[in-house]
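From first to last, the protein sequence lines stand for chains A and B.
Be aware that the first sequence starts at 3, since it is given in my numbering, and climbs by one per residue.
Be aware that the second sequence starts at 3, since it is given in my numbering, and climbs by one per residue.
A hint or two may mislead.
Treat identical chains as interchangeable: a pair holds within one or across any two.
[Unchecked claim] Here are the simulated lysine-lysine pairs, BS3-like style, with alpha carbons at most 27 Å apart: (1) Lys-257 to Lys-404; (2) Lys-276 to Lys-204; (3) Lys-368 to Lys-250; (4) Lys-149 to Lys-204; (5) Lys-25 to Lys-222; (6) Lys-7 to Lys-295; (7) Lys-149 to Lys-284; (8) Lys-430 to Lys-372; (9) Lys-330 to Lys-353; (10) Lys-222 to Lys-295; (11) Lys-276 to Lys-54; (12) Lys-431 to Lys-222; (13) Lys-400 to Lys-92; (14) Lys-372 to Lys-404; (15) Lys-372 to Lys-295; (16) Lys-360 to Lys-330; (17) Lys-7 to Lys-54; (18) Lys-368 to Lys-257; (19) Lys-353 to Lys-184; (20) Lys-295 to Lys-359; (21) Lys-250 to Lys-372.
No lab work stands behind these hints: they were computed from the structure.
Given the structure is predicted, the values throughout are model-derived calculations rather than measurements.
Here's the letter readout for the chains.
There are 2 protein chains.
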Amino acid sequence: MPVVKFLEYVEEHQNDFVERLRKAVAIPSVSGDPAHRQDVFRMADFLIDELKALGASVETRDPGQQDFHGQTLPLPPIVLATVGNDPAKKTILVYGHYDVQPALIEDGWATDPFTLVEDDQHRLIGRGSTDDKGPVLGWINVVEAHKKMGLELPVNLKFCLEGMEESGSEGLDPIIYSEADKYFRDVDAVCISDNYWLGTTKPCLTYGLRGVSYFHLTVKGPRADLHSGVFGGTVHEPMTDLFALMSKLVTPDGKILVPGIYDQVRQVTDEEQKTYDHLAFKMEELHDAVGNKINIHESIRDTLQHRWRFPSLSLHGVEGAFYNPGDKTVVPARVVGKFSIRTVPDMEPEKVTELVKKYVTDEFNKLNSKNSMTIECTHGGNHWLSSPQHPNYVAAAKAVEKVFSVKPDLTREGGSIPVTLSFQEALKKNVLLLPMGRGDDGAHSINEKLDRSNYVSGTKLLGTYLYEVSQVQL
Amino acid sequence: MPVVKFLEYVEEHQNDFVERLRKAVAIPSVSGDPAHRQDVFRMADFLIDELKALGASVETRDPGQQDFHGQTLPLPPIVLATVGNDPAKKTILVYGHYDVQPALIEDGWATDPFTLVEDDQHRLIGRGSTDDKGPVLGWINVVEAHKKMGLELPVNLKFCLEGMEESGSEGLDPIIYSEADKYFRDVDAVCISDNYWLGTTKPCLTYGLRGVSYFHLTVKGPRADLHSGVFGGTVHEPMTDLFALMSKLVTPDGKILVPGIYDQVRQVTDEEQKTYDHLAFKMEELHDAVGNKINIHESIRDTLQHRWRFPSLSLHGVEGAFYNPGDKTVVPARVVGKFSIRTVPDMEPEKVTELVKKYVTDEFNKLNSKNSMTIECTHGGNHWLSSPQHPNYVAAAKAVEKVFSVKPDLTREGGSIPVTLSFQEALKKNVLLLPMGRGDDGAHSINEKLDRSNYVSGTKLLGTYLYEVSQVQL
């Protein structure tokens, strides 16, 4: 049984895999910092070398240049790699990213963020360990194991690795679409390992993501900022109007006040209701993650449904107003309130924008202000919903059972991973989110970690999934 | 008649006075920019040299050091100068400041801000021309005129000139209080020329200022900023609570919603009502100043009363939230809303704070939020009200009539000039605000100017005031 040999190989060679992760973490491929741009390129080279050494055929695509606050920077390459080209086999596309979030020891890291450290609880600590270098190397570990064992992979494997994920995946989408019927032509299914278990104990498959519609609400009055002593009480102040409007968007307990929003939300079926019954999640995990008991809902089901499958509205900030510490008695002339709505099936971004615009305009008219108001949707990313019944998911679930001896949780996420939707729309193939790390890995925080057991079992899972998916009808 | 000779001298030597202003404007004494701190000291030296050359005895007081965002900077000196020491004469203290607001050509100045330019409408354009170098030099011009004419001043004149007015007058108050019964012991009245005519055509005497109480409203929830995708809809968001609370402070047409605030406001008497009848002010001037027709009130009286003698509440901004251009889907963990109330007789800062705290706390409790809220008054500066019937004002009014052949407008201001209250409280003497510039001088804006006629007539006015005040019983 090749899969049994594979699992044994991974178990025995796990230290080699940790060394590979150590080398990768040592390259500070921070895409958001121009000073590290060359490190992002170095990280691409590292992966290209690793893949070539394992016999993969590697190509790159150049996404062009980035305008970074007036500075022109080269974008790191999209790395496309292929292992196996057997027409009799299925072709699985895996996506990952090789850039990382910024990290400075001064931010509060207990150890140097770019030196992988294994602590006494066998946590592999370092920037990018879990997001997303561990999972990317997991796939490479799978290829290495097979090469070393002299085994063929059960599928043709294609890689699509980008270096700008933490900076909005700039330049990726056009390449996905232009390569859809070229490099990606034979792809049968897609697997992305770039999210996390719901909690810390049980693997999951993720089949849904919320979308997000972002709004800018602008109120303009005076030509320039005014002094509140001279003008306070005599003119309509844009901030007063803005706060009046933004206070009418959502209640303190999270109910969206824009009429019509909830009419678009798909009803919860009995079947869906049951999927929330045995999830490996405790309210304490929410409290721990948030650092305070400020939960709106008391039950796990209500909490997770409001994270995953109901919309939410958050106020993010105000552009144009005073934001520094201290006191300043300014009357800002033009303020832009920022808020976003997390969207779910069957909400449509265009309809959401229409409802928001109408409501905010109606409410502004009620204010009888002489200021002017505009509202625009600056970004509308759709939600994404797959099905745990799809063969790609069934295969992954079997792989989880083989490696972990448990059925995976079936989860959705409240955030968005735009590339998921891009692959689905460009390739018209099923996309599976198959996470490696735990919910407490701290992907964008200090002391980011990937437990050794997650890295090793995750590598096993990714390989086993390839065996399982090779057996199903896609 | 010495005063007639004086007026003629000023008229004839006005070009010399403009040259003096040119030299002063050329020193970029920006107190808010550490790079210009030495220029503030240079400006002090310039004034000291000018005063000494005219026979004044000059002393300085060192206000010590400033902590500027962690940088320790020396504070520019308080310049104390005396011209005349005749026990038979009254002693008048004049205050002014020799620092200026920042100014960069890139801000939109039509000409270099630190090169005085006289345009074809005889406007003297340059940073500090009207705020407050022109008025300070006005006093020096008066002294020079008398010295050159071989005349004695009708009063003993004392100067108090500071270099940190545009940066909160750091270090000034302790010196005013400690010198009250020393350097300032013999002072009979105080005159400050650091504000503006109501409009552009008619001089005024200013007898009242609003106070200001500044508030920080803090809402805290999560330990750190959260991702709105992951947590939106499941936790109480501090921004939602903050906007709910701040939207309940003031209506779009400027009515303060804090119960009890208006109970403290002194009633308008019939006599006071009449003082609003013939003021040189048009609604167009408000529209021009604001750059838009966003006036709340339609009449001049209502507008000026709401600027001068009714309280107002302005929302200034939010600390801790997203404030940059673009989109960011953050749920801020701790946000501090900033607002202030302009206060008027007979409001007391302590009572205002008490009412605001009670109201905001009551409203927060109604939200049923699990976040925590605190509200504090970070600054409570009292209002100031003098009387146009005071002999110091009567003298100034006579001086205006002599120089301009009109009765001055009797005005108040909506903003605060804290030093006014400090002098009144420390010296227990009447303080008069006697402006030189026009309402459209743009003191803190680009293209700040002082009309040549205002500079020349203003110099005449300051000198004539000294003659008039020497004749009254203080």
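Outcome of the hint check:
no.	hint	in the structure
1	Lys-257 to Lys-404	neither (42 Å within a copy, 68 Å between copies)
2	Lys-276 to Lys-204	within (18 Å within a copy, 79 Å between copies)
3	Lys-368 to Lys-250	both (12 Å within a copy, 16 Å between copies)
4	Lys-149 to Lys-204	neither (30 Å within a copy, 92 Å between copies)
5	Lys-25 to Lys-222	neither (52 Å within a copy, 40 Å between copies)
6	Lys-7 to Lys-295	neither (47 Å within a copy, 79 Å between copies)
7	Lys-149 to Lys-284	neither (41 Å within a copy, 87 Å between copies)
8	Lys-430 to Lys-372	neither (50 Å within a copy, 44 Å between copies)
9	Lys-330 to Lys-353	between (40 Å within a copy, 22 Å between copies)
10	Lys-222 to Lys-295	between (38 Å within a copy, 12 Å between copies)
11	Lys-276 to Lys-54	neither (46 Å within a copy, 90 Å between copies)
12	Lys-431 to Lys-222	neither (46 Å within a copy, 44 Å between copies)
13	Lys-400 to Lys-92	within (18 Å within a copy, 100 Å between copies)
14	Lys-372 to Lys-404	neither (67 Å within a copy, 43 Å between copies)
15	Lys-372 to Lys-295	between (42 Å within a copy, 7 Å between copies)
16	Lys-360 to Lys-330	between (34 Å within a copy, 24 Å between copies)
17	Lys-7 to Lys-54	within (24 Å within a copy, 97 Å between copies)
18	Lys-368 to Lys-257	both (21 Å within a copy, 16 Å between copies)
19	Lys-353 to Lys-184	neither (35 Å within a copy, 74 Å between copies)
20	Lys-295 to Lys-359	between (34 Å within a copy, 25 Å between copies)
21	Lys-250 to Lys-372	both (19 Å within a copy, 19 Å between copies)
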